[in-house]
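Protein chains: 2
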Amino acid sequence: MARAALRALTCASLLAVSVAWAADDRPLAERLLAEELRTRGAWQRLAHLTDRIGPRLSGSAGERAAVQWAAETLTADGFSVRREPVTVPHWVRGEEQAEVIAPAHRLVVTALGGSVGTPPHGVEAEVVVADGLDDLERLGESVQGRIVLFNRAMTNDDSPAAFRAYRDAATQRTRGPSAAARKGAVAVLVRSLGTLSARLPHTGATRYDADAPQVPAAAITAEDADLLARLVASGTLPRVRLRLGCRTLEDVPSANVVADLVGGERPDEVVLIAAHLDSWDLGTGAHDDGAGVAMVMESLRLLKGLGRPPRRTIRAVLYANEENGLAGARAYAAAHAGELTRHVAALETDSGAFVPLGFRAWVGPGGVERLGEMVQALAGLGATRITPATEVGADIGPLKPAGVPLLGLDVDGRQYFHWHHTPADTLDKVDPELLAKDAVVLATMAWMLAEAPEPLPRPSPPPPSPSPSPAAAPALPR
Amino acid sequence: MARAALRALTCASLLAVSVAWAADDRPLAERLLAEELRTRGAWQRLAHLTDRIGPRLSGSAGERAAVQWAAETLTADGFSVRREPVTVPHWVRGEEQAEVIAPAHRLVVTALGGSVGTPPHGVEAEVVVADGLDDLERLGESVQGRIVLFNRAMTNDDSPAAFRAYRDAATQRTRGPSAAARKGAVAVLVRSLGTLSARLPHTGATRYDADAPQVPAAAITAEDADLLARLVASGTLPRVRLRLGCRTLEDVPSANVVADLVGGERPDEVVLIAAHLDSWDLGTGAHDDGAGVAMVMESLRLLKGLGRPPRRTIRAVLYANEENGLAGARAYAAAHAGELTRHVAALETDSGAFVPLGFRAWVGPGGVERLGEMVQALAGLGATRITPATEVGADIGPLKPAGVPLLGLDVDGRQYFHWHHTPADTLDKVDPELLAKDAVVLATMAWMLAEAPEPLPRPSPPPPSPSPSPAAAPALPR
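Chains as they are written, first to last, in the working numbering: chain A, 1 to 478; chain B, 1001 to 1478.
None of these hints come from the bench; they were simulated from the model.
Here the structure is a predicted model, which means the values were calculated and not measured.
For every residue, glycine included, the Cβ atom is placed at its ideal position computed from N, Cα and C.
A few of these clues could be false.
[As the list claims (entries may be wrong)] Now the in silico label distances, taken between C-beta atoms and shown as ranges:
#1 B/A1034 - A/V92: 34 to 42 Å
#2 B/A1335 - A/H121: 53 to 61 Å
#3 A/R247 - B/P1119: 57 to 65 Å
#4 A/V92 - B/A1335: 39 to 47 Å
#5 B/G1307 - A/G235: 53 to 61 Å
#6 A/Q144 - B/A1334: 33 to 41 Å
[Stated by the list, open to error] Where chain B lies over chain A, by a calculated footprint (3+ residues, C-beta under 8 Å):
#7 94 to 105
#8 165 to 174
#9 297 to 304
#10 430 to 436
[Claimed, not checked] Take a look, some chain B residues computed to stay more than 12 Å from chain A by CB distance:
#11 A1071
#12 R1199
#13 D1281
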C-alpha cells in the first residue's frame, strides 16, 4: 500500500457508526465489511498500538501503556471496562552477543525468554549439534562441558502444516535447555523457528525443569545455525563465546482488559472473543498479536454499531502475558470459574492477519456440523473451513476443563513464521484489507454465536493432566 | 539444497582436471559446465571464503586472510601469483545504537562506511524527512540542528531496473550526509537501499565533501524509516538518539591478487577477468563479491585444464577495497598504465550469482554486434544478451581512460538487493548450480576473447572528468 494512503489511514479519526448503516438490510458480514473498509478502525488501532506504544513485553513500560490505551479506547467506544488483576513475570533482555572464536564470525543471537544470563565475561565452549530434541540422546557424553545447538529446521508448507511444524520444532526451544543441561551442557543455542532465512533471530519462551541446572539459552539465525553445522560437519568443533545480560526481576502487577457488549436476553451467557495484548520485545508485535487485539476491539465496536444488543453477552478479553507465562489466561479462568458453565463459546485470534480461512474448533458432538452451517454466512469472505482441533489457542486453553467450546480464527499463515517473534514483526507486514476481513469474520461469528437459539454442544473436558500444575506445562504460546 | 549435500560439497577435495576431459570435442561451454558441475570448484572456493574467512572489510584480519588464501590457492592451482601493493583505508564499525525517545522504539541501525562516530553519549535531535537527495531543498531551515532521514525507497523491478533503482537511490547515501550537513543537520539517517523489508540494515560507503562538516551517518531499516516517516507525518517530530562508535584508523597495506594464464601467441595482450576480494563486515559477502571471486578463480582453473594456452593472456585480478574506496582499482590502473593499450578487454563480475543473462558492454563501434555473435556460444546457458552500457563495473572503471573494452557479467539480479550489504549476504543465499553456470559463462567469454583473431574495437575514452582527482568522485561501488 502506498505510504501516503497509509499515513492518511493512520491519521484519520474514526467516524461514528452511522444510524443509516445500522438500518441496512444486507447480510451481516457484508454490512460489517462495508463499515470496516470505510472506517479502517482495526487498522487505526493496530497502527496506534505498534507505532505509538510499540513492543510490550510483560512487565515493561510498553505493556503498561498498552493496558492503559486499550482500557481507555474501549471506554471511549462506550463500553464499561474492567482491568482484572494479573501478576506477570518481568524478564529483561539486556545486552546479548555471540561469536565463533575461530574462524572468527559474529553470530546474530537473541536470548530466549526466561533464560538466565551468562557471567559478564560470557560462556565459552565448543559446540555440538543435535537435530532437534529427540537427537540429543545420540550425542551421549559429548554434550558434557559443551554448548548444544538444537538445529532442527521448520519446514515451510501450507498453513496448518506451518503451525504443526512450529509446534513440532518448538520442543527444542521450550524443553531443550533443561534436557541439555541434565547431560552437562553449559549453554544452549537453538536454531530460530522460522520459515525465512533473512538473518533474523526468532525469540520465544523457554522453561527450566526443576531438576536441571539453569543454563543460558538463546536463539541464533538459520544462517548462523547452518554455519555452525557446516563447521562441525567438517570435523572441528567451533568454539563459541556467548554473552547474555538477561535476567528475571520481581513479578509485577498487570491486567487482563475486559469489556462487555451486554446481552439483551441472556446477559449472563457469554461469547468470549480474545487476543493477547503483550508482545515480544524485538519487533512491535504487529501480527503477534497486535492484529488480534485490533480485531477483537474492532469487533466489539462494529457490533455495538448494529444498534441493538445481541441475545447473549459478547465479551472482549485482551489477555496479559501470553508470550512468556500465560498468567493472564490462568487468571481469567480462575477469576471467572463460577461463570464458565455459562461461557457458551470462546474465540481466540492469534495467528496474524492473513487471508481468512475459517475456524479451528474444539466442540461437542455435532458442533462441527453446526459450525459448518453457520460459516456459510462467511462465504463471501472465503472463511468457510471448520477444522476440528484439540489445541485451539493458548489463552483460551485454561477454559477447557470447564468444557467451553473453543474456536480459533484460522488464516493462511504461510508467512506468519517469516516474522514471528522477530524484530521484523512490524506494521508494514500487515495488509490493511486482510485485517479488515479478519475482524469482520471474527465479529460475524461472535454475533451468530451470541444470537443462536441453542448454544454449541459442549465438549467433554479432557482428563486431568498428570503434570502437577498448569504453570509447570503451559500450552505452547503461539 | 539439502544441508547434507551442501556439507558434502564443502568437504570434497577438488579433483584434478582429467586429461581425458581436455581431449573432449563438445562445444567449449558444454565441456566447461560438465567439469564444473562435477567438481563444484567455484562452490568450494566460495564456501571456504565465506565459512572459513568470513567478512573481509579493508584493513581487517579477514581481508588479510582472504588475500593470503586467494594467493595460496591460485599458486596451488599452478599459477604464478603476484600480490600487487595497495594502500587501503581502515575504517572500523564499533558499537552502534539508535532509538526513538518517545514513543520509545529501538531502531535497527548500522553506520555507513567511512562515517565519523558520535560523541560517546550520542547525538540527540528531532528528525525531519527528505524523499531522497533532491528533496532536501524543500526542507529549508527546518534541517538546522536536526537529524535528516533520507527516505527514498528503491523500487523492486526486473534486473536492469534494480541496478538502476539502486544507483538512483544511492545518491542519498553517498552524498546525503555532506548535503545535509551544509544545511546544518547534526546527523544523517538513510533508508536502507534494498528490496526486501526484513528489518535488515544495508550498509554502504558514504563520502564527505571537503566543504561540509563531517556528521555521523547511518542506515536504518525500511521498517524503521517508515515508522519515523509516519510519526513525522502525524505532526510531531520524533526525537532520535544515535550512538556510533565507528572511526577511521591509519591506512594499511593490502594487495590486489593477480594471476596469469599466459598466452601462447600474444602473451603481452591481456584479457582481464575481475572481482573484488574485500566485503562489507556485516555478512560474509557471499554474493558481494565472494561469488565473483569464486567465478574468477575457477575460470582460470577450468581454462588451464583445457591443456593448451590461449592465444592471449587471461589475467585474474582480485581487487582490494572495492567497497569503500576503490583503491585497488586505481592501483591496478596506475601500476599497469603502460600495458593498458594491450589490455584487449576487461570483464568484471560483481552482481552476485544468479541466472546468467549475458554481458553489459562498453565497446567501440561494431563491438556490440561482434559480441552478439560470440555469445551464441553461450546459448545453452541462456546468456546471450549484450546490453550497451557506460557504467560497467566499479573496479574496471579506471581502465576507461585507456579505452579498454569493458564487459560486466549480467545476471537476473532481482534478489540481489534483498541481501546486498546486509548481515544476510551469506552462503545459503547462493545457488551452487547458478554459481557454476556463471563461472562457465565468464570462463567461456574470456577464452573466446583471448582466442579471437581480432580484438574487440576499442571505445573512445570519455572526456576527462571535471573533478580534481579520481579519489574525490569514485565510481559508485556496487
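Verification of the supplied hints:
Distance hint for B/A1034 and A/V92: a CB-CB separation of about 58 Å, inconsistent with the stated range 34 to 42 Å. Look at B/A1335 against A/H121: about 47 Å separates their beta carbons, and that is not inside 53 to 61 Å. Under the hint 57 to 65 Å, the C-beta atoms of A/R247 and B/P1119, about 30 Å apart, miss the expected range. The beta-carbon spacing between A/V92 and B/A1335, approximately 56 Å, falls outside the hinted interval of 39 to 47 Å.
Between B/G1307 and A/G235, the C-beta spacing of about 34 Å breaks the proposed range 53 to 61 Å. Separated by about 58 Å at the C-beta atoms, A/Q144 and B/A1334 break the suggested range of 33 to 41 Å. With a cut-off of 8 Å between beta carbons, the stretch 94 to 105 of chain A has 3 residues touching chain B; three or more are needed, and the interface restraint holds. Counting residues of the stretch 165 to 174 of chain A whose CB lies closer than 8 Å to any CB of chain B gives 0, which falls below the minimum of 3, so the coverage claim is violated.
Coverage of a stretch by a chain is defined here by at least three residues with a beta carbon nearer than 8 Å to that chain's beta carbons; for the stretch 297 to 304 of chain A and chain B the count is 0, and the condition is violated. Under a criterion of three residues with beta carbons nearer than 8 Å to beta carbons of chain B, the stated coverage of the stretch 430 to 436 of chain A fails, only 0 such residues being counted. No beta-carbon of chain A is positioned within 12 Å of the beta-carbon of B/A1071; the least distance is around 18 Å. B/R1199, annotated as away from the interface, has a beta carbon of chain A within 12 Å; the closest lies near 4 Å.
The non-interface label for B/D1281 is inconsistent with chain A: the shortest C-beta to C-beta separation is roughly 9 Å, within 12 Å.
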